[in-house]
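Undergrad: Each chain, written out:
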Amino acid sequence: MANKPPPFWQREKYTPYILLLPAILTLVFVVLLPLLFSLYTSFTGYRLIRPESLYQWVGLRNYERIFSDGDFWSAFGRTIIFLTIALNVEFLLGLGIALLINKITWGQRTLRTIMMFPMMFSPILVGYQFKFVFNDNIGILNNALQSLGLSDGAIPWLVDKYLANFAIIFAEVWMSTSVFAILLLAGLFAMPRDPLEAAKVDGCTPWQVFRHITLPFLMPFVFIAMTIRSLDVARAYDIVDVMTGGGPAGRTELLWTLIARTGYDNARMGQANAMAYVSIILSIAFTYYFFTKLIAARKYMGGAA
Amino acid sequence: MIRTTLKQLLAATALSGIAATGAMAEDVDYGNFADYTLRVKLIGGAQYEPLYARISEWEAMTGATVDVLSRKNHFELDREIKQDIAAGTLDWCVGSNHTSFAPQYGAIYMDLNGVIGEETLAEFQELALKNSTVDGRLVQLPRHSDISNLYYIKSRFEDEDNKAAFKAEYGYDLAPPETWDQMKDMAMFFADAPSFYGTQFVGKDEAITGRFYEMLVANGGQLFDENWEPTFNSEAGVKSLQWFKDLYDAQAVPAGALNYLWDDTGLGFASGTVAMNLDWAGWAAFFNDPENSKIAGDVGLVRAPMGDGGVRAGWSGSHTFSITSTCDNVEAAASFVTFLTNHESQMIEASTGLLPTRASVWDAAKEKFAADGNDFLVEVFDTYQLSMSEDAFTPPLIAPWIEVSNEIWPRLQAAILGEMTPQEALDEAAEDARIVMEDAGYL
Amino acid sequence: MMNGALKKRLGAIGLWVLTFILMVVMCVPGLWVVLTAFRPNGEVLAKPPVWIPENPSLLNFAKIFGVGVDQVAIPVPAYFMNSLIIALTSTAVALLIGMSGGYAFARYRFKFKNGMFLGLMLSRTVPGIALSLPVFMIWSRIGLIDAKLGLIIVYVALNVPFTIWLIDGFFRQIPKEMSEAAQVDGCTRWQAFWKIEFPLAKSGIASAGIFAFLTSWNEYALASNLTRSTDSKTLPVGLMDFTAQFTIDWAGMSAMAVIIIIPALILTFLVQKHLIAGLTFGGVKG
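Order-wise, the sequence lines are chains A, B and C.
Under this note's numbering, think of the first position of the first sequence as 1, with each following residue one higher.
Under this note's numbering, think of the first position of the second sequence as 1, with each following residue one higher.
Under this note's numbering, think of the first position of the third sequence as 1, with each following residue one higher.
Bound conformation, chain A alone (with noise of 0.2 Å):
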C-alpha cells in the first residue's frame, strides 16, 4: 500500500460528512439563516411597513411586553392543551383503525385508501371545510341536528367557548388521524407472529394479549407517530386561522394565530418574531419528549440506536 493517500473527499473518515452536505446546507439556507434573522428581529422594534425601524435596537422589550401580556399567556396554555387533547386524541383512535383494518384479510388495499382520504386535504381546505359544517345557521350540522330533532337551537358551534374549541380541536383531530393509523398499522404488520400464536394457546383473553404483547411491541411506533405530528403540528394554524382567527374574543387564540396577527396585520413583526421564538421552543420541547421516548422504546426492543 505505497499508494499516495487520495484527496481528503475520497477519505472515509469525511465521507459520512460529504454524505450530509447538501442536508445540512439546505437546511442552514432555508431555516437556519431565517431563524437567525428572526432572532435579531425580535430584539429590535421592526414593523413590518416601517423598514428603517429593522435598525431600532429596543434589547429585550419584546419579550418583556410579551411575558407581561395576559392574552400571550392564555394563548400559550391553550396552545399546549390544544396539543396535548389533539395528539391524544389522534392516537386513540388511530390506533382503534389500525387494529380494524389489520384484522381485515380481503380488499385490505381499498380500506386503507379510504382510510388516507383526509390526509389528501389541504389545511387551508380543512379550515374552510369546517367553517361551513360548524357554521351556526347554514352549516351541515346544525341543519343535520334539526331536521333529526336532536337540537331545535342554533348551536353556536364556533362561539361558545367550549364548542369553538371543540370545533378547532375536530378539524385538527379529522385531518391527522389517518397518518396515526397508517403508521400504527405499519407496526402491526411489523409484529413477530410467534408470540400471539404462544398466548392465544396459553389462553389469554384477547384484551391480555392486547395488553401485554401487542401494545409494548407497538410502542415505539407511537413514540414516532407522536414525533412525526408533533413535527408539523404547526399546520393547524391554517385550519384555525380559517375557522375562527382566534376569535371570538380570544377564545381559540393559539399561539400561530397571534404571532399573525401581531405580525402581519398589526405590522409589529419584532414582537411577533419574540412570540415565534417562544412557540418554538415549544415545539421544540413537544417533539424532544417524544424523540427521547422514541429512543428508550427501541432500546428496549433490542434495536441499536
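Read the hints as simulated data drawn from the structure, not as lab findings.
You may find that some hints are simply not true.
With a cut-off of at most 16 Å between alpha-carbon atoms, the simulated EDC-like pairs for lysine to aspartate or glutamate come out as follows [said to hold, decoys possible]:
hint : chain 1 : residue 1 : chain 2 : residue 2
1    : B       : LYS245    : A       : ASP160
2    : B       : LYS239    : B       : ASP181
3    : B       : LYS154    : B       : GLU379
4    : A       : LYS103    : A       : GLU197
5    : B       : LYS154    : B       : ASP298
6    : A       : LYS161    : B       : GLU419
7    : B       : LYS366    : B       : ASP382
8    : B       : LYS294    : C       : GLU43
9    : C       : LYS111    : A       : GLU12
10   : C       : LYS195    : C       : GLU180
11   : B       : LYS368    : B       : GLU344
12   : C       : LYS195    : C       : ASP185
If you anchor each label on the Cβ, the simulated ranges turn out as follows [said to hold, decoys possible]:
hint : chain 1 : residue 1 : chain 2 : residue 2 : range
13   : C       : TRP51     : B       : GLN242    : 37 to 47 Å
14   : C       : MET178    : A       : LEU21     : 21 to 31 Å
15   : A       : ASP202    : C       : ILE85     : 54 to 64 Å
16   : B       : ALA164    : A       : SER151    : 29 to 39 Å
17   : B       : ASP91     : A       : PHE166    : 52 to 62 Å
18   : A       : ASP152    : C       : LEU10     : 40 to 50 Å
Covered stretches of chain A, as calculated for chain B (at least 3 residues, CB under 8 Å) [what the hints assert, rightly or not]:
hint : segment
19   : 237-249
20   : 255-266
Backbone N, C-alpha and C define an ideal beta-carbon position, used for all residues, glycine too.
Fit chains B and C to the given chain A structure using the hints.
TA: Chains B and C only, in chain A's frame:
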C-alpha cells in the same frame, strides 16, 4: 393566462349588454404605451370583477399589456403589500387601495395631484377626494364608495298581525326603524331563533369596529378627543356596545354572528331568514335577484338609523386605485387608473349597486335604471345618494387605525359574550389603544 | 347447515362491511366537499339541506375553467402545472438528499452523529408562520419570490428531515455484509450501493416519497407568502381565488378541491403497498 381570460370575460359582458360602446372614448387621450407591461395588484371578488373586463379595452387602445400580479381580498392584499414594503419589492405600478388602509402605507404611493389631470379630478365628488387624501397628498383615486343603509323584508313590516302585535307590545307603530333603539325593539320582536332572526351584524375584525364606531358617533361619542386620547369608553360608547350585547343575549341575531364577516351577513339576508340587514350597496342587485335571493321583490331600504345624538350612522370609505412611487411608467399607470374610473367604467360598477365617485354618474345611472324599469335600483341610488351626502364620515385617517381597531374588536366580542361588562371592556381597549397611539407618536 | 369455513367467511365479510362503513363515516366531512362540487347553486348551503345532489351538474367546474359563464376563469391549468412541477421536483430532490444523508447515518460512525440527527429533526419543528417572513425577506433579496425554484427549495428543506429518518431506518435493515460481499467481488462502494442496497430500500424510499409529495402538494402557509402570480402559485393558494371581500364561492372552491385531491388520491393508491412496508421497516427497527 390572465390576459386571455379577461378577454373571454369581455366577450361575456358584451353579450350581457353592459359593455361600453364606441362612444365611450370620451375626450381623454389615453396615450400610447406600446410594448410596455403594466404590473398591477387588484382587489378580487364577484363585485369587483366586471370592471376588470375593461382592461383589455385599455390594452387595445394603448398597446400596453397589463400583468395582474394578484387578485385577492383586501386583507390578503394588505398583508402582501406590507411584505412588499418590508422586502423592498415594490416593482409594480398600480394597486387597489381603500381609504381605511391607505394611511398605513406611508409614502409608497405617490401624490396624484398633478399626475391625474385637473379636469379629470374635477369630475369626482369633492368628499370622495378629500377622504382619499392623507397628509395633504392624494394617494388614491376613488373607484366606488361604500356606506351602509338598512335593508328589510317588506312583507314582514306590512303584515297586519305583526303591526298589531308590535303596537300592543311596544306602544308605537311598526315601520322601518328611524333610531337604533327602535331597531333593537323590532329586531327582538321579529326574532324567532333559530329559524328567523331580527337582524345580524358582522362580529369580527375591522368590520365590527366600524359598526361600533358609527354607532358611537351616532350616539354623540368620539373615538379620540382632539389630542388623540382614546375617548370611546364614554357613556355613548357603553350604550353602543350594550346595543350589540342586548341583541345577542336576546338571540335576535344568529348565535354565530361573532364569527361572521360580510359574506355571511349578505348571504344570510338573501336566504330570507333575517328581517333587517345593515349593509352596503354592493349587495343591492344580488338581494333583488330571484336567482340568488329568496326575498327578491320583497326588499325595502331606508337610511341607517339615528343615535341619541340625532346623527345617523354613516361609516364610509372608498375603494380606490393607487400608483406606487417606484412606478417606472407613471404616465401609463395614470392612464390606466383614469380609464378604470372614467364615466363608462363607473356605469358598469353602478349596475350592480356600487356607488360611483363621479358626480355625473349618479344621475346617468339612475336614468339608465329607470329606462330599464329597475325601480329598485333607482330607490337604492336615491337612498344611498342621500346618505353619502348627509351622513358619511370615515374612520380617523391615521396610520395606526387598523392597529387600534385590532385592540377594540376582541374587547367588543368579550363584552358581547358577557366575559366582562361593556365598561370594563371599553376601558381596557382604550388603555391598549392609548399605548398604540403612544408608540405611533400621536401622544 | 353452516360449516365452520362458511361461518368464518361470513364473519370476515361482516367485519369488512363494518370497517368500510366506519371508514366512510370518517370520510363524511370530506365527501361532503366532493358532493358540493357537483351541486347547482341553489343546493349549496341550502336550508333545509339537500343531502344528495338532486340535479348534479358540472357547472362549478365549467365556471372554474371559464366555459360558457361570464366569470373570469381561474387559471387552474397553470396552478396545476406549478403544483405538479414544484411537488415532484421537491420530492425528488428531498429523496436524493435524504438518501445520501440517511445512508450516512445508517452506515457510518462519526462525531456529533446523534446531535446532528436530532438537529435535523428539530429543524422541522419551526412553524411555517414563524419562517414565512424571514424567508420572504431573504428570498426577495435573491430573486426567489414568485419563482417555482424558491418554493422548491423550501419544500426540500421541509421534507429532508423526515426522509432522512425513514431512509436511515431502512438502510439499517439491510445487512452490511451484503454490500461488503459485493465490494469483495470487485464492485466499488457506489456500485454496491446502487445494485444491492438501493433496490432493497425501495419501499422505504417510496413511503418517504409519498409523505414528501403530500406535504408539498398541500402546503399553504409558506406558499401563500412566497408566490405572487400564475408563474408560481400552487393549487392550495389558488383556492383563495374563490374568496373575496364579500363572498366565498364555496361551490367553486369545492370543485377546485376535487381537482386537488384526485391526483394525490391516485398516487397514494398506487404507492399503497410500498407505503406500509416502507414505514414498517423504516420507522423503528433501526
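Undergrad: Evaluate each hint against the coordinates.
TA: Now the hints, each set against the structure:
1. B:LYS245 / A:ASP160: holds, 15 Å
2. B:LYS239 / B:ASP181: Roughly 10 Å separates the two Cα atoms, so the pair holds.
3. B:LYS154 / B:GLU379: holds, 14 Å
4. A:LYS103 / A:GLU197: Roughly 15 Å between the alpha carbons, so the hint for A:LYS103 and A:GLU197 holds.
5. B:LYS154 / B:ASP298: Distance of about 5 Å is within 16 Å: holds.
6. A:LYS161 / B:GLU419: Status holds; Cα separation ~10 Å.
7. B:LYS366 / B:ASP382: holds, 8 Å
8. B:LYS294 / C:GLU43: Measuring from Cα to Cα gives roughly 13 Å; hence the hint holds.
9. C:LYS111 / A:GLU12: Given that 16 Å is the threshold and the Cα spacing comes to 13 Å, the pair holds.
10. C:LYS195 / C:GLU180: Distance of about 12 Å is within 16 Å: holds.
11. B:LYS368 / B:GLU344: The hint holds at about 12 Å.
12. C:LYS195 / C:ASP185: Measuring from Cα to Cα gives roughly 13 Å; hence the hint holds.
13. C:TRP51 / B:GLN242: 37 to 47 Å: holds, 42 Å
14. C:MET178 / A:LEU21: 21 to 31 Å: holds, 26 Å
15. A:ASP202 / C:ILE85: 54 to 64 Å: holds, 57 Å
16. B:ALA164 / A:SER151: 29 to 39 Å: Holds, at about 32 Å.
17. B:ASP91 / A:PHE166: 52 to 62 Å: violated, 46 Å
18. A:ASP152 / C:LEU10: 40 to 50 Å: Once the Cβ atoms are compared, 43 Å apart, the range 40 to 50 Å for C:LEU10 and A:ASP152 holds.
19. 237-249: Satisfied; 5 residues make the cut.
20. 255-266: holds (count 4)
In this structure, the one hint that does not hold is number 17.
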